[in-house]
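**Q** Using the sequences and the accompanying hints, generate a full structural model.
Protein chains in written order, with the working numbering: chain B, 1 to 310; chain S, 1001 to 1310.
Everything labelled a hint here was simulated from the structure, so no lab data went into it. This structure is a prediction, so every number in the text was calculated from the model and none was measured. Note that CB positions come from ideal geometry on N, CA and C, so glycine has one too.
What follows is a set of in silico ranges between Cβ atoms, one per label pair, in the way DEER data are often shown:
| # | chain 1 | residue 1 | chain 2 | residue 2 | range |
| --- | --- | --- | --- | --- | --- |
| 1 | S | P1282 | B | D127 | 39 to 45 Å |
| 2 | B | K73 | S | G1050 | 53 to 59 Å |
| 3 | S | E1166 | B | D14 | 23 to 29 Å |
| 4 | B | E128 | S | G1050 | 42 to 48 Å |
| 5 | S | R1124 | B | S292 | 39 to 45 Å |
| 6 | B | E309 | S | R1031 | 19 to 25 Å |
Listing some non-contacts, in silico: residues in chain S with all C-beta distances to chain B over 10 Å:
| # | residue |
| --- | --- |
| 7 | M1001 |
| 8 | P1013 |
| 9 | A1040 |
| 10 | W1064 |
| 11 | A1069 |
| 12 | D1070 |
| 13 | E1072 |
| 14 | K1073 |
| 15 | T1125 |
| 16 | M1132 |
| 17 | W1159 |
| 18 | E1170 |
2 protein chains.
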Amino acid sequence: MREPYTVKAEGLPDEVTIYEVGPRDGLQNERAVVPVEVKAELISRLAAAGLSVIEATSFVHPKWVPQLADAEKLLASMERVPGVRYPVLVPNERGLDRALAHGVTEIAIFGSATESFARRNLNRTVDESLAMFEPVVTRALAEGLRVRGYLSMCFGDPWEGPTAIERVVEIGGRLLELGCYELSLGDTIGVGTPGHVTALLRAFGTAGIGTSRLAVHFHDTYGQALANTLAALREGVTVVDSSAGGIGGCPYAMSATGNLATEDLVWMLHGLGVRTGVSLEPLVETSVWLASRLGRPPTSRVVQALAKEN
Amino acid sequence: MREPYTVKAEGLPDEVTIYEVGPRDGLQNERAVVPVEVKAELISRLAAAGLSVIEATSFVHPKWVPQLADAEKLLASMERVPGVRYPVLVPNERGLDRALAHGVTEIAIFGSATESFARRNLNRTVDESLAMFEPVVTRALAEGLRVRGYLSMCFGDPWEGPTAIERVVEIGGRLLELGCYELSLGDTIGVGTPGHVTALLRAFGTAGIGTSRLAVHFHDTYGQALANTLAALREGVTVVDSSAGGIGGCPYAMSATGNLATEDLVWMLHGLGVRTGVSLEPLVETSVWLASRLGRPPTSRVVQALAKEN
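**A** Below, the structure is given as structure tokens:
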């Protein structure tokens, strides 16, 4: 299978951690329910391909995300490879109870950088959502868990237009102050461009929040995700979220959210000489296999190209 | 229709010329023959959307590119907007004769950076192909034409693997010495990554060939085209080749070549505050219209996203 040629660029990190969101953020956008065995196999395959962080599922109420209603079953049955982290999304204290009951050691919470999305996604104001997460984080930390914070709509949202950078820094800073070890900056609708990424990361730096506590989470809705990632790497970001095969973004469905595809990210990183620990071939094979289970082609350009090659 | 938000980045050009290759490089990869009226309308619509350079067609022998066998008819019937350039690809002296007979004022010739592709595409060695182009360029210049040089396989080819940077600089330099005003560096199979782009452009600089004489021509086969473009802009490149809607690259066909989509490029450039003179809305409408004529969806992420929005 073709691999990228490596030609190093200056000023980039030597190593990047890929935070794989396919089993959670990817699958939750799939309409047809995926059997729990397929989810468990996906997670095993991703770990075998060298991914060291795999967000496994979510304890959001099944009413909102029916696809992940089998979270308990999955956590009870899935393989756990030593050294690999399997965080789980948790929306509230009840979700935390369920996570603790199933041996989860790492959770993620999610806030919104805009009031419109907070109201729609969390049915709360931004302040109310932070107040809701506070006891979750406090208890999680007391139980010895690591907590990641997601922040959605960091570049713009469909109702308010561009998100003010100061507002993102303020709300993001409050999520970190709650006790999150890392903040993942989400371009949920994929509108951001590289100069915006640079400006946002530098504004965090000015506020005393360095890139060692920041991850980026780009969506490829407008094809900008890799260029944005390159801009983030130049600012020193070393954790990048992506989804195997690009699942979560069907180009021909209204629900398209367009996660950056892990394979496209790996191609660029390995081409740049940035280590990831991931092997492209088993990863591509995983996405081809998953596409056959989902009944539609992967959106990843690398998977499309390499699957044809074979 | 949604437009990108502008957040400027440092160290980028204020303005970029988009060299639109859809009607030639894009359509030549379409199997079903597109009527000449559709081609003429495409060119008119692209000019109306603000594109100032539109490669119209090719005088390569119809045996090799049947899609463009109507070059004469198209040149006789298409609208020419004052101030817009309409270059035509010309492979040899006979092609030049035909171009001159139809009032063409700008041509493009094409070389290969690798022997394997020169043999397959031109049935000649690299040296022989340069010798073939020499009288074409000399006569074209004597007739007052501008001549552009394309160089294919500048990053790698399917037979030889990575292309040696020194070799690209050497052959590219020879194309410029023939009299080309500009050299377009093609990543024909789309394997390049941003560090490779930077290294190649800097090697040209070291050889005394500045970015004012260089254009970039990326294919999105592995999803790298926009990140590579960003790297090229940072080196000072101000001419970027792309194809409206991404035509020339069908993701589900073996023939996929995957031109960078003009819309995805425009989204990034306008987001970065780089002027292009192009209006996104009529461009997207053109690609949606063309897709309906070609009978398949556009590969451009921006077109997919905005077409759904409307």
